[in-house]
Every structure is written in C-alpha cells, then in structure tokens.
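Could you slot chain B onto chain A? The hints should help.
2 protein chains.
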Amino acid sequence: MLVKLRVALAAKPPVLYVVVVLLLPCLTLGAGAIVPIPPLKPVDSITAEKIRLGRSLFEERLLSRDNSVSCSSCHDLSGAGVDHKPRSIGINGAVGDINAPTVFNATFNFRQFWNGRAKTLEAQIDGPVQNPKEMGSSWNEVVRKLKAIQTYQDRFRKIYPDGVTPENVKDAIATFERQLVTPDSRFDEFLSGKSALDELAKKGYENFKSFGCISCHQGVNVGGNMYQTMGVMGNYFKDRGTPITEADLGRFAVTKREADKYVFRVPSLRNVELTAPYFHDGSASTLEDAVRVMAKYQLGRQISDREIDSVVAFLKTLTGKAPAVLENSRTTAGAKAQ
Amino acid sequence: MLVKLRVALAAKPPVLYVVVVLLLPCLTLGAGAIVPIPPLKPVDSITAEKIRLGRSLFEERLLSRDNSVSCSSCHDLSGAGVDHKPRSIGINGAVGDINAPTVFNATFNFRQFWNGRAKTLEAQIDGPVQNPKEMGSSWNEVVRKLKAIQTYQDRFRKIYPDGVTPENVKDAIATFERQLVTPDSRFDEFLSGKSALDELAKKGYENFKSFGCISCHQGVNVGGNMYQTMGVMGNYFKDRGTPITEADLGRFAVTKREADKYVFRVPSLRNVELTAPYFHDGSASTLEDAVRVMAKYQLGRQISDREIDSVVAFLKTLTGKAPAVLENSRTTAGAKAQ
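Protein chains in written order, with the numbering used here: chain A, 20 to 357; chain B, 20 to 357.
Honestly, the hints are just simulated from the structure, not real lab data.
Hints may contain errors.
Pairs involving identical chains hold if they fit within one copy or between any two copies, as the list cannot separate such chains.
[Stated by the list, open to error] When the alpha-carbon atoms are kept at most 20 Å apart in a straight line, the in silico PhoX-like pairs for lysine-lysine are as follows: (1) LYS340 <-> LYS60; (2) LYS177 <-> LYS138; (3) LYS213 <-> LYS60; (4) LYS335 <-> LYS60; (5) LYS104 <-> LYS152; (6) LYS60 <-> LYS275; (7) LYS228 <-> LYS340; (8) LYS340 <-> LYS280; (9) LYS335 <-> LYS166; (10) LYS164 <-> LYS228; (11) LYS275 <-> LYS138; (12) LYS221 <-> LYS280.
Only a predicted model underlies this, so the values are computations on that prediction, with no experimental measurement involved.
Just chain A, with the same shape it has in the complex (with noise of 0.2 Å):
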C-alpha cells in the first residue's frame, strides 16, 4: 500500500498532498491500531520480545500448509529438539527423506542440514517450510496467514518497522533457536575443572580421543564443524542393505561432485544421549549401536562391548541442561510463551 500511495505521489502531486497531509495522519493516528511514534525501548527488550515471538512462531502450526505442523513438531524443545523418529513426519503424514536433526546448539553448526546446505540458521528455515514433506508452504502463504492474526501484526510492528515478512519471521525464529544452548553439561564441568569424570566415563574418553572418534567430533559442539564421508573405512551403504535414496548421496544434492557422494555435516553429540535414533537416516537405534556403526565404518576398528560401554558413558557426560529460554518461558507463562 505504501508503494502504490508513494507511485501515486511521484504521480500527482496536489492530489496527493491530500492524501498525504490529510488522510494518512488520519489513518495512522485513528482507531489506536497504529500509534504512529511508539516509544523506543532499550535493545534488551526488544531482544527479549523477539526472543518470544521467534518462540511463538517456531510453535506455529500456521506456518504448514494445513496448519498442522510446527517447527516444534519435528523438534521437539521438552525433549532435546528432536522428535525420535528415524524420518520425520510432515503434513498429510508425509514420511520425511532424512532424520531431523536437533535444534538444540544448532547455533555452532558451522552449516545447517545434514547436507550442509544452510549457512546459516536463517537459510535453514527456507528449507521445512517449503519442502512438500514438511510444512509445504510458500512465503507467500506463511505471511498472508500470520498477517490474518492481530496479534502477530502488533508483535511484529513493535520490533520490526515493516512487520510480518519472511526476512523477520526467520529473523525471530533464528533469534529464539540461538537461545538453544544446554551449558553445564558433566563434560563441560570437568572440563572446567569442577568436578571429575567417573570412571568409566574417564576411560571413554580416552578410548574416544586414541580411537580418532575425536578426529571429527571436536570443537565446541563435539562434532558440527566439518564435513565426513560416511563410511571412510567400510561401504556402510552396501552392508545396509536398503536402497539408496537421495538424502544418502549428502552433500552430493549441493555440489554435484562424485567427491561428495556419501559425504555429510558430522553432527554434534552434544545430548547425543537424548537424540536417538542416530544418524542422517535414523538406522541405529541406541548409542550403543552407532558407537559400534561409526567404529567399524569411520575408524576400520572392531571394539569390544567393555570399550563401548565406556564411550557410551563418556556420550551421556555430554548432556547439557535445558536452554534457560525454555525455563524462563516455562514458569512466567505456562508452556507456550505470549
């Protein structure tokens, strides 16, 4: 509407200085919809309402073609962002290609997806809401409908000069999904040097650096930060036995290299302990099992199932606590933010 009056104004100047001088205050200031100068509030307020709307977005069913299928669908934030299904579900009980990877501390990612495709968490969201197995929308849908909804309209206007848009629906999303952080895990606290592994956690961690798990799971998200064929030692897809699908080849799908194929972002295991099933296509089911997988095709090693029960125990020491977002949100309103 602005573009055509402002059309109009280049247009016909004399009528417009009516419209302009006139009628426009008159909109503005009328009916109390739109104040036309709101106070400006300290950039933490702001951060904080763009913090609730990103959540309240990222549990919006509206934002599927059916409104039946959040963000929070797939990832579940009571859980570890995950929805402990191999594929995920998307409208019309559509099967997913890929297991949903988690939400939690997607923010270290050094890209986005299993395949990498996303840089940055923003990019991301382009990709569930318009993939037809996910949410099967459109933008163009997504704003229509949020703009439908008063309250989305004033909660926009209060932090973003333009309102609902794509930009600023992914901005608030991406915002909250930064909160996502589960500190003071048992790992980060010996790491600290707060307090001491166990045992047998001890030992799993030095089985997990001199085996090389640590090779590819490092770096703050222990894992996230590098791309890894799967099966460097072992044809992990023939031994599968299921057909290859799409979302087998990786980051092939992105560069169309033949070097790619097989090739994925390395996930972190932050929480690994609350996020089964493992792997891009959600074939083991314990971490038991994906600790013997990645051995036997990552590392060409065969362990014994003391050596594993000892990785497994150093992989539980990696579970953090919840994201103070959610608990913060949780006691002052109830389980969905306003």
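Same frame as chain A, now just chain B:
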C-alpha cells in the same frame, strides 16, 4: 584444508586412517592453539563475546584495502554514529557518493542504505567493504587479513565453529549494531507518561503532526519504515542547482523503474539533533534548514521561523541516551573493546 582432507579420505581410506586417527588428533591436541573440545558456555556469554568481537571489527581498519578506514571512520560511535561530512571519505581520500546515515537505531529501519538496497544489517555490510570509494576491499582479502591475526582466529573460533568467514564477520558486526539503540529520549519519556514536553517542543510536536511530517516520519524510529520521493511538492533537484548524480536517483538504482527516481528510504529522526548535515546529499547544514526544505518540497508549505523553531525544539526531544553497550565497554575496557 578440511575439504581437501575429506576428499582424500573418500579416495584413499587406508592412508587416511593414519592421517585421521593419528595425525589430526596430534595437530588438534598439540601446541595448545586449538582445544579439541572447549566447554559450552551459556548463550548470554556467547552473545556478549560476539558483541565484543563485532565492536572490534566495527573499529577494524583491516576491513579496508589500505588499512586506513573502518566502519567507525564514517560512523563515529563516540558521536551519533555519523561523520558530520556531507559525503563520507573513503580510502585514498575518495569522496563518497552520499551522506553516511547513522548506524544508531539502524536495526529499526525496514531497509538499509538511502536507496533501501539491503534488507538486513548483515547484507548492508557487503556495500562499504567492497565499494571502491569506501573500503575498496573484498571478502577474500578481509578474511585473509583477519586470519593472519592469531587473536582474531581465536576469538572467532570461540564463537563460530568455522572461524573467520564473511558470514561470521557480518554476523558479529550486525549483532553489535543491533545493540546501538538509544532509548530514554525526552520524547520517549513523554510517550511513556514519565514527563511532559516543554511548551515550544509540545507546540512543535503538534505542528509536526498537523503539517503532515508524521505521514512519513512515523513508527518507532520516527522514519525508516517507508520510501518517499525527495520533492513531492516541488522540484528539489532543479532548485538545488548542482548536477544530478546517480546517488540522487535513489531507488531507481535498485529497481530501474522510472517511478523510483528520486525515491529514498525516509530517514529516522532519532538523534537528528546530532547528525548534521542532513539529506542524502548533505545539503542542509542545520536542523532549521532541513525543516524549511522539507516543509517546502515534501509538504508544499511555507512555514514561519517560529513554526520552524517549534519543530526543531520537538526534534531535539528525540535525542536519546548513548547505547548501553558503548558505556559498558568504555568503563570496562577503554575506548576499544577487547
């Protein structure tokens, strides 16, 4: 290096076993430069580090080709985020094409740049870094220079798993810029019912509304949320007398549509008392001049000196407090944050 390693991995598993399992852990564990798994910090502490990094980058001359110009060269943080020049000066004394808009409260503008060509603060940063009359650099060059400095390497690594990248430089700077909010102006206190405006400013606000200034200068940023033609009610550029530049064409440079000639993003009036000279061409050196020109060319109205004084008195109530982030870092770490 990781990419090369990955390709090698895919190609030669047995050789690679040695590299991955034996060499890489040694590299990552050796020398203390890279900690294989640093502890996860709470999100507030990560964000605080990101803001500090963003400020350092904002003040970093290495972003320019000859290491002479930083963001803060044109957006002085000790003032009001401007350089007080009609047109900014870039590398080698190059005179820019346009008056530098303030970075303060820029987060509340619906688009960035006078012609609105950037949708986000992140996207905006591509402009000055690569503009030959501003920083004249390239992202490759910026990344190379920042990577050559160990403290930057370390500071990026603490926050971003992929270290120094164009995306991460932009994310850090934009995160810092989002802190540059100036709350608690006299006008905000008036809007919040905390205090009254003095008589002249009150009259000025009435005039600001009744003259029609508020048709465009509205919203939380008192502007910054729509486009408008410079010269709705008269030919500003003809009367100005100096040749029309490409910058004068405004949004036309972006859309190439005839109707977008001379169309600009309406600037915010927050802190306008402190941001002279005014307009995209810096042609008005005082607030009084600016108000007189606006009344004539945007509203087709000749207003008296007394009316101008009142509007100016109102505009001066829009001066907010310095952003808290600048106060804090000055107190704790001197002029330049570490």
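Each hint, compared with the structure:
no., hint, result
1, LYS340 <-> LYS60, "between (31 Å within a copy, 11 Å between copies)"
2, LYS177 <-> LYS138, "between (28 Å within a copy, 18 Å between copies)"
3, LYS213 <-> LYS60, "between (39 Å within a copy, 14 Å between copies)"
4, LYS335 <-> LYS60, "between (42 Å within a copy, 18 Å between copies)"
5, LYS104 <-> LYS152, "within (15 Å within a copy, 54 Å between copies)"
6, LYS60 <-> LYS275, "neither (48 Å within a copy, 37 Å between copies)"
7, LYS228 <-> LYS340, "neither (24 Å within a copy, 52 Å between copies)"
8, LYS340 <-> LYS280, "neither (36 Å within a copy, 55 Å between copies)"
9, LYS335 <-> LYS166, "neither (44 Å within a copy, 35 Å between copies)"
10, LYS164 <-> LYS228, "neither (50 Å within a copy, 33 Å between copies)"
11, LYS275 <-> LYS138, "within (18 Å within a copy, 31 Å between copies)"
12, LYS221 <-> LYS280, "neither (35 Å within a copy, 68 Å between copies)"
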